[in-house]
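There are 4 protein chains.
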Amino acid sequence: MIGDFVKTGDFKGEKHVPVICGPDKVKKGEWFEVEVSVGKEIPHPNTVEHHIAWIELYAMPEGAPYILRIGRYDFSPTLEEPIVKVKIKLEKNSKLIALSYCNIHGLWEGTKDVVVEE
Amino acid sequence: MIGDFVKTGDFKGEKHVPVICGPDKVKKGEWFEVEVSVGKEIPHPNTVEHHIAWIELYAMPEGAPYILRIGRYDFSPTLEEPIVKVKIKLEKNSKLIALSYCNIHGLWEGTKDVVVEE
Amino acid sequence: MIGDFVKTGDFKGEKHVPVICGPDKVKKGEWFEVEVSVGKEIPHPNTVEHHIAWIELYAMPEGAPYILRIGRYDFSPTLEEPIVKVKIKLEKNSKLIALSYCNIHGLWEGTKDVVVEE
Amino acid sequence: MIGDFVKTGDFKGEKHVPVICGPDKVKKGEWFEVEVSVGKEIPHPNTVEHHIAWIELYAMPEGAPYILRIGRYDFSPTLEEPIVKVKIKLEKNSKLIALSYCNIHGLWEGTKDVVVEE
Ligand SMILES: [Fe+3]
Ligand SMILES: [Fe+3]
Ligand SMILES: [Fe+3]
Ligand SMILES: [Fe+3]
Chain A
1 MIGDFVKTGD
11 FKGEKHVPVI
21 CGPDKVKKGE
31 WFEVEVSVGK
41 EIPHPNTVEH
51 HIAWIELYAM
61 PEGAPYILRI
71 GRYDFSPTLE
81 EPIVKVKIKL
91 EKNSKLIALS
101 YCNIHGLWEG
111 TKDVVVEE
Chain B
1 MIGDFVKTGD
11 FKGEKHVPVI
21 CGPDKVKKGE
31 WFEVEVSVGK
41 EIPHPNTVEH
51 HIAWIELYAM
61 PEGAPYILRI
71 GRYDFSPTLE
81 EPIVKVKIKL
91 EKNSKLIALS
101 YCNIHGLWEG
111 TKDVVVEE
Chain C
1 MIGDFVKTGD
11 FKGEKHVPVI
21 CGPDKVKKGE
31 WFEVEVSVGK
41 EIPHPNTVEH
51 HIAWIELYAM
61 PEGAPYILRI
71 GRYDFSPTLE
81 EPIVKVKIKL
91 EKNSKLIALS
101 YCNIHGLWEG
111 TKDVVVEE
Chain D
1 MIGDFVKTGD
11 FKGEKHVPVI
21 CGPDKVKKGE
31 WFEVEVSVGK
41 EIPHPNTVEH
51 HIAWIELYAM
61 PEGAPYILRI
71 GRYDFSPTLE
81 EPIVKVKIKL
91 EKNSKLIALS
101 YCNIHGLWEG
111 TKDVVVEE
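For the protein sequence lines, the chains are A, B, C and D, in the order given.
Position one of the first sequence corresponds to residue 1 (UniProt numbering), numbered consecutively onward.
Position one of the second sequence corresponds to residue 1 (UniProt numbering), numbered consecutively onward.
Position one of the third sequence corresponds to residue 1 (UniProt numbering), numbered consecutively onward.
Position one of the fourth sequence corresponds to residue 1 (UniProt numbering), numbered consecutively onward.
Quick caveat, the hints were computed from the structure, so don't treat them as lab data.
Among the hints, erroneous ones may be present.
Note that identical chains are pooled: a pair holds if it fits in a single copy or bridges any two copies.
To be verified - Below, simulated SDA-like cross-link-like pairs (lysine to any residue); rule was C-alpha separation at most 25 Å, straight line:
#: 1; residue 1: K87; residue 2: E33
#: 2; residue 1: K85; residue 2: V19
#: 3; residue 1: K40; residue 2: F11
#: 4; residue 1: K89; residue 2: P45
#: 5; residue 1: K92; residue 2: H50
#: 6; residue 1: K87; residue 2: P65
#: 7; residue 1: K7; residue 2: K112
#: 8; residue 1: K28; residue 2: L79
#: 9; residue 1: K92; residue 2: G106
#: 10; residue 1: K15; residue 2: V116
#: 11; residue 1: K85; residue 2: I42
#: 12; residue 1: K25; residue 2: D10
#: 13; residue 1: K12; residue 2: P23
#: 14; residue 1: K25; residue 2: M1
#: 15; residue 1: K27; residue 2: H44
#: 16; residue 1: K87; residue 2: E35
#: 17; residue 1: K12; residue 2: K92
#: 18; residue 1: K7; residue 2: P61
#: 19; residue 1: K85; residue 2: K95
#: 20; residue 1: K89; residue 2: E35
#: 21; residue 1: K40; residue 2: G63
#: 22; residue 1: K40; residue 2: E117
Let's have the full structure, built from the sequences with the hints guiding it.
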């Protein structure tokens, strides 16, 4: 299904992979900042014909039955780069997952594990 | 990754599964209507506390390397039901995939194969 | 402010104006269908370079202090036409307002008054 | 029309007004960061029942006929605060306009003028 068509890789060699930068460890329920971007190491084109249209950020809490959608960021080509810094909080150890979409090269994902301390 | 956390099932028994209704066969490059909805057989709650927040529609063309995002439909709870009729076109045999999000029960997907004739 | 930059006109002569089609009178709290589209009379281009990116639907209930956002519909150029049929409900006489965005020609609005009966 | 229903005010006294923070002067065509937020001075509630659902960022270039939509940021209540830092560029002196939506208190706008130097 859709998971079969979401690509990933090492963002250092593959410019489509979204990158999540932020702390490895946070306090439970305290706001912290993460940066989510595409093209951190190798810039992706940003033209009307070829661009990153959006990034969506999710959290999968350890042992939870359901994934949480944190936010969605739509970019207009040539006017904005596909990078956002956002303010989030977590209640449990979680895997953050960023899903991004290139209008030519489809869906890509990147993840980051975050430890949550009481 | 994200594919591991997208659930599915038979929409007749599981109210979260998005349903795609439309023709099984279409003409290449001709516009046609599809209905995409959640809760077709068993209605899903539609309250501020528990609701379907959005549905996103994709097409995976047979043999293509990348998935296409067709559209995204955001719903405001209590004001709108999670059902849209949209007008799309395809160039090749494709698997339509709908991805939906319940603010409590996470991501769900449903698919429909469409044959595209010259 | 933003209202100064939202254009409108007669959709029969100006292809950007969103059109809301549906009943003039509905029952309070009962779901009904409306069609929201751009280019109903004169089609708007639908290319990567020039297209309608999204339509957002609002309701302003008579005498209410605040506007309600009903839904938002994002379209991918060439894959989808800017037309949706959605299922909404109203509690009071309302002005429905559709706001749409052309990636070249900016923001446009169209409205429809709906009488709500007990 | 919609402009009649978009509220504004001084963000220091009215918690709904979106605030745009960034440089007053930038170089033409060079990327710069702006922070767009709601509740900068007086925090807005962030609960499922009452929250800022999204902020949309626009630019109105001086003397241009049409407004540009830069980006759109959707937030999930309780998981994310309505604040983003984004990377944009401008070609001309512009008025940046942020439009935000509270699920209870409707649409609000805030603006910032940016001078663009050759
Ligand atoms: Fe690409
Ligand atoms: Fe649910
Ligand atoms: Fe146009
Ligand atoms: Fe509020």
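Verification of the hints:
With identical chains, the CA atoms of K87 and E33 are at most 25 Å apart both within one copy (4 Å) and between copies (16 Å). Within a single copy, K85 and V19 get their C-alpha atoms as close as 12 Å, and across copies as close as 16 Å, so both meet the 25 Å cut-off. Proximity of K40 to F11 under the C-alpha cut-off of 25 Å is restricted to the intra-copy arrangement: shortest distance 8 Å within a copy versus 34 Å between copies. In this assembly of identical chains, K89 and P45 lie within 25 Å of each other by CA distance solely across copies; the values are 15 Å between and 31 Å within a copy.
Taking the closest pair of Cα atoms, K92 and H50 come within 25 Å of each other only across two copies (21 Å); inside a single copy the shortest separation is 37 Å, beyond that limit. For a Cα distance limit of 25 Å, the shortest separation of K87 from P65 inside one copy, 24 Å, qualifies, whereas the shortest one across copies, 30 Å, does not. Proximity of K7 and K112 under a CA criterion of 25 Å is satisfied in both settings, with 16 Å inside one chain copy and 21 Å between copies. Taking the closest pair of Cα atoms, K28 and L79 come within 25 Å of each other only across two copies (12 Å); inside a single copy the shortest separation is 36 Å, beyond that limit.
Taking identical chains as interchangeable, the C-alpha atoms of K92 and G106 lie at most 25 Å apart only when they sit on different chains, with a minimum of 17 Å there against 31 Å within one chain. With identical chains, the CA atoms of K15 and V116 are never at most 25 Å apart, being 30 Å at best within one copy and 30 Å at best between copies. Taking the shortest Cα distances, K85 and I42 sit within 25 Å of each other both inside one copy (19 Å) and across copies (21 Å). In this assembly of identical chains, K25 and D10 lie within 25 Å of each other by CA distance solely inside one copy; the values are 22 Å within and 37 Å between copies.
For the identical chains of this complex, K12 and P23 are intra-copy neighbours only, at 20 Å inside a copy versus 31 Å across copies, given an alpha-carbon limit of 25 Å. With identical chains, the CA atoms of K25 and M1 are at most 25 Å apart between copies only, with a shortest distance of 20 Å across copies and 33 Å within one. In the homo-oligomer, the alpha carbons of K27 and H44 lie at most 25 Å apart only across protomers (22 Å), although the nearest pairing inside one protomer, at 34 Å, exceeds that limit. In this homomeric assembly, K87 and E35 come within 25 Å of each other (Cα to Cα) both inside a single copy, at 9 Å, and across copies, at 12 Å.
Taking CA atoms no more than 25 Å apart as the test, K12 paired with K92 passes in neither setting, with 29 Å inside one copy and 34 Å between copies. For a Cα distance limit of 25 Å, the shortest separation of K7 from P61 qualifies both inside one copy, at 22 Å, and across copies, at 16 Å. Taking the shortest alpha-carbon separations for K85 and K95, both the intra-copy value of 18 Å and the inter-copy value of 22 Å come in at or below 25 Å. Taking the shortest alpha-carbon separations for K89 and E35, both the intra-copy value of 13 Å and the inter-copy value of 19 Å come in at or below 25 Å.
Taking the closest pair of Cα atoms, K40 and G63 never come within 25 Å of each other, the shortest separation being 31 Å inside a single copy and 30 Å across copies. Taking identical chains as interchangeable, the C-alpha atoms of K40 and E117 are never at most 25 Å apart, the minima being 29 Å within one chain and 27 Å between chains.
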